[in-house]
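Protein chains in written order, with my numbering: chain E, 1 to 124; chain B, 125 to 577.
Mixed in with the good hints there might be a few duds.
[Said to hold, decoys possible] Restricting the straight-line Cα-Cα distance to at most 25 angstroms, the calculated cross-link-like pairs of lysine-lysine (DSS-like) are: (1) B/K282 - B/K389; (2) E/K45 - B/K526; (3) E/K75 - E/K124; (4) B/K526 - B/K389; (5) B/K527 - E/K45; (6) E/K108 - B/K389; (7) B/K371 - B/K354; (8) E/K45 - E/K75; (9) B/K282 - B/K385; (10) B/K431 - B/K389; (11) B/K431 - E/K108; (12) B/K389 - B/K527; (13) B/K282 - B/K371; (14) B/K431 - B/K385; (15) B/K282 - E/K108; (16) E/K124 - E/K45; (17) E/K108 - B/K385; (18) B/K526 - B/K431; (19) B/K527 - B/K431; (20) E/K75 - B/K282.
[As the list claims (entries may be wrong)] Some residues of chain E that are not near chain B, with every Cβ distance over 10 angstroms (derived): (21) I57; (22) V65; (23) A66; (24) H78; (25) W81; (26) A83; (27) M97.
Simulated from the structure, these hints should not be mistaken for lab results.
Glycine is no exception: its CB is placed at the ideal position from the N, C-alpha and C atoms.
What follows is each chain in one-letter form.
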Amino acid sequence: MRAPILIASLLIASSSLAAHAAGDAQRGAEVFDNECSDCHTATAKGGNGKGPALFGIVGRNAGSVAGYDYSDANKASHFVWTAEQLEAYLPNPKGAMPGTKMRYSGVKDAAERADVIAFLQSLK
Amino acid sequence: MKSRHLPLLPRHFSSTGVALVLLAAISWTLPAQALPSYAKQTGQACAACHEGSLGPQLTQEGRNFKLLGYAGGSGFFPLSGQTIVQFTNTNQGQEGGAAPHFGDNHNTAVNETSLFYAGRIAPNVGAFIQGTYDGVARSFALDHTDIRFARAAALLGKDVVYGLSLNNNPMVQDLYNTTPVWRYPYTSSGLAPAPFAATQLEGGLEHQVAGLTAYTMIDDLLYLEGGAYKGMGRQLRQNLGEDNEDKLSGLAPYWRLALQKNIGKSFFHVGSFGMHDALYPGYDRSFGRNRYTDYGFDGSWQYTPSKRHHLSLYVADIYERQNLEAAFGAGEASTRKQFLNSFNASSSYYYAGTYGATFGVFSTNGTTDSVRNPAGDIDGSASGSPNSNGYILQADWTPFGKKESWLFPYANVRFAAQYTHYLHFNGGAADYNGDGRNANKNDTFLLFAWLAY
Chain E
1 MRAPILIASL LIASSSLAAH AAGDAQRGAE VFDNECSDCH TATAKGGNGK
51 GPALFGIVGR NAGSVAGYDY SDANKASHFV WTAEQLEAYL PNPKGAMPGT
101 KMRYSGVKDA AERADVIAFL QSLK
Chain B
125 MKSRHLPLLP RHFSSTGVAL VLLAAISWTL PAQALPSYAK QTGQACAACH
175 EGSLGPQLTQ EGRNFKLLGY AGGSGFFPLS GQTIVQFTNT NQGQEGGAAP
225 HFGDNHNTAV NETSLFYAGR IAPNVGAFIQ GTYDGVARSF ALDHTDIRFA
275 RAAALLGKDV VYGLSLNNNP MVQDLYNTTP VWRYPYTSSG LAPAPFAATQ
325 LEGGLEHQVA GLTAYTMIDD LLYLEGGAYK GMGRQLRQNL GEDNEDKLSG
375 LAPYWRLALQ KNIGKSFFHV GSFGMHDALY PGYDRSFGRN RYTDYGFDGS
425 WQYTPSKRHH LSLYVADIYE RQNLEAAFGA GEASTRKQFL NSFNASSSYY
475 YAGTYGATFG VFSTNGTTDS VRNPAGDIDG SASGSPNSNG YILQADWTPF
525 GKKESWLFPY ANVRFAAQYT HYLHFNGGAA DYNGDGRNAN KNDTFLLFAW
575 LAY
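Take these sequences, add in the hints, and give me the full structure.
Given below as structure tokens:
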């Protein structure tokens with residue numbers, strides 16, 4: 001009984017990873033430019049703007065960019081910005097982290113989300 | 125009723141071309157300390173918060189910045205300035221001059237020059253405070269003022285923003301570009317005739333009151349606001365350079381609610397707002413008060429598929445019940461109970477936050493009363509009707525205001541052409557004032573340059 005469950009779990013996990021892997025970082029850069037760049041920078045030398053710098057965000061703990069004044073909600077979230085966490089957060093940031101400073105309504109389109117996550121993964 | 129005539133402007137320049145060239149020259153030579161303060165504070169371009177990169181038309185980002193009390197971002201330089209230069213041509217001139225110091229027609233003027241404290245005061249506290257020199261009236265006054273406290277928090281697992289607004293003009297604190305203070309047209313001629321009728325929410329208490337409202341945005345979906353306004357003292361108003369026409373009796377309650385939602389690349393809102401106020405006209409208590417209750421309903425749609433395209437639609441209607449006890453008692457109105465309705469709608473498209481076109485319609489209708497609205501000069505109404513309607517077209521060019529723009533974030537400018545056509549003016553189309561003037565003689569062609577620094 002355990003084997004089928006394990007296989008099913010692996011299939012779900014792999015399909016989730018495949019969805020992220022399907023993201024196109026180049027298209028994601030365009031999504032980032034349209035949706036995120038007013039507040040965030042994405043280069044190694046880019047500093048904090050209205051939002052914190054996002055270079056190297058994937059794998060980072062929430063609320064950890066030096067010099068940025070995070071909301072209490074962000075600091076208390078204990079999020080780690082994995083691709084899966086970003087996928088859960090980006091459709092509705094205020095729903096995922098009530099009280100956050102980021103008032104942005106979210107990347108609603110799943111394909112655009114996958115692309116921008118792929119782009120964020122490339123920032124290292 | 126309050127006159128809606130906007131101030132008139134002098135002949136500071138011999139031609140519009142000279143004025144625009146001078147303005148352009150000024151914009152190239154602005155000193156570094158003259159900063160658009162919100163852009164400096166947030167590190168964002170004007171285009172992030174304003175559709176078309178300049179002016180009051182807010183994006184979702186701009187509404188959120190205002191909602192959170194103008195306090196976002198990490199920079200601090202809260203001083204800014206603004207200058208608007210206009211050239212006005214009406215279909216027929218205004219005999220005797222469009223205003224003191226101005227000609228009958230074809231007038232150019234520095235319509236207004238403003239200085240702002242605009243930005244953070246303390247954590248969670250910020251302000252928009254505008255002082256304006258009116259180049260037509262040639263006077264200085266405290267203009268729009270909105271001082272806010274706001275916080276975002278989690279409540280029962282929902283995102284909640286709550287705050288307070290201390291302001292001097294009902295609806296100056298509003299988030300949506302449907303309501304009178306911030307609706308289209310975002311600037312009008314200071315030297316063209318305008319219909320006399322307007323509801324109280326369309327400037328009736330503007331800058332003559334102080335109000336405190338409390339507001340909340342729940343789950344980015346439901347906006348609720350309530351509060352009240354009280355008239356400033358006569359001496360204080362004089363010191364602030366404001367008119368002293370009427371005295372507000374007691375408190376004027378104010379309310380606002382809205383439902384908003386982002387769906388895909390679209391933003392929608394529907395809402396309602398209102399106010400009740402009672403005035404002693406001219407501070408005269410002999411005949412009691414004139415009482416007004418305004419009920420407003422509005423909605424908007426903004427579609428932003430990318431930074432290249434911004435499409436917007438705004439609609440609002442204000443219905444005002446009037447009980448003119450004082451005016452009737454003084455023999456200045458033929459009936460006590462009257463009404464006024466004001467409808468406005470506009471739609472704009474901006475390409476790349478630079479090239480814009482806007483079309484708007486307006487319609488005001490109300491009780492016909494020849495005692496209250498007599499025939500006369502350009503202001504007059506032969507029929508006694510306050511009804512006016514027409515449309516406004518605008519095309520504009522805003523070359524700066526983006527992150528990659530030259531002089532970012534130090535200066536921004538818009539050049540625009542605007543045309544207003546009246547189908548009816550103060551109750552009629554032909555000979556509306558009983559003195560032979562047709563409504564379309566007030567059609568106005570306006571060129572303006574709007575500089576922010």
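Hint check:
As the CA atoms of B/K282 and B/K389 are separated by approximately 23 angstroms, the hinted pair is consistent with the 25 angstroms bound. As the CA atoms of E/K45 and B/K526 are separated by approximately 20 angstroms, the hinted pair is consistent with the 25 angstroms bound. Note on E/K75 and E/K124: the hinted pairing holds, with a Cα-Cα distance of about 23 angstroms set against a maximum of 25 angstroms. In summary, the hint linking B/K526 to B/K389 is supported, as the alpha carbons are separated by about 21 angstroms, within the 25 angstroms threshold.
Distance check on the hinted pair: B/K527 and E/K45 sit about 17 angstroms apart at the alpha-carbon level, within 25 angstroms; holds. Proposed proximity of E/K108 and B/K389 is supported: the alpha carbons are some 8 angstroms apart, at most 25 angstroms. Between B/K371 and B/K354 the CA atoms are separated by roughly 10 angstroms; this keeps the pair inside 25 angstroms, and the hint holds. Of the supplied pair hints, the one linking E/K45 and E/K75 holds, its CA atoms being roughly 24 angstroms apart against a limit of 25 angstroms.
As the CA atoms of B/K282 and B/K385 are separated by approximately 15 angstroms, the hinted pair is consistent with the 25 angstroms bound. Note on B/K431 and B/K389: the hinted pairing holds, with a Cα-Cα distance of about 11 angstroms set against a maximum of 25 angstroms. Between B/K431 and E/K108 the alpha-carbon distance is near 16 angstroms, which keeps this suggested pair within the 25 angstroms criterion. The hinted pair formed by B/K389 and B/K527 meets the criterion: a straight-line CA distance of about 22 angstroms does not exceed 25 angstroms.
Proposed proximity of B/K282 and B/K371 is contradicted: the alpha carbons are some 43 angstroms apart, above 25 angstroms. Restraint check for B/K431 and B/K385: satisfied, since their Cα atoms lie roughly 20 angstroms apart, inside the 25 angstroms limit. Among the hinted pairs, B/K282 with E/K108 is consistent with the structure: their alpha-carbon atoms are about 19 angstroms apart, no more than 25 angstroms. Our distance criterion of 25 angstroms between C-alpha atoms is met by E/K124 and E/K45, whose separation comes to about 12 angstroms.
Taking the CA atoms of E/K108 and B/K385, the gap is near 12 angstroms; set against the 25 angstroms cutoff, the hint holds. Restraint check for B/K526 and B/K431: satisfied, since their Cα atoms lie roughly 11 angstroms apart, inside the 25 angstroms limit. For the suggested pair B/K527 and B/K431, the alpha carbons sit about 12 angstroms apart, so the restraint of at most 25 angstroms is met. Taking the CA atoms of E/K75 and B/K282, the gap is near 17 angstroms; set against the 25 angstroms cutoff, the hint holds.
E/I57, annotated as away from the interface, keeps every beta carbon of chain B farther than 10 angstroms; the closest lies near 18 angstroms. At the 10 angstroms boundary, the C-beta of E/V65 stays outside the reach of chain B, the nearest C-beta of that chain being 12 angstroms off. Consistency note on E/A66: stated as away from chain B, and its beta-carbon is indeed over 10 angstroms from all of that chain's, at 13 angstroms minimum. The beta carbon of E/H78 sits about 14 angstroms from the closest Cβ of chain B, which is more than 10 angstroms, so the claim that it is off the interface holds.
For E/W81, the non-interface assignment is confirmed: its Cβ lies about 19 angstroms from the closest Cβ of chain B, beyond the 10 angstroms cut-off. Chain B leaves E/A83 outside its interface by the beta-carbon criterion, the shortest separation being 23 angstroms against a cut-off of 10 angstroms. In this structure E/M97 is not separated from chain B by more than 10 angstroms, as the shortest Cβ-Cβ distance comes to only about 8 angstroms.
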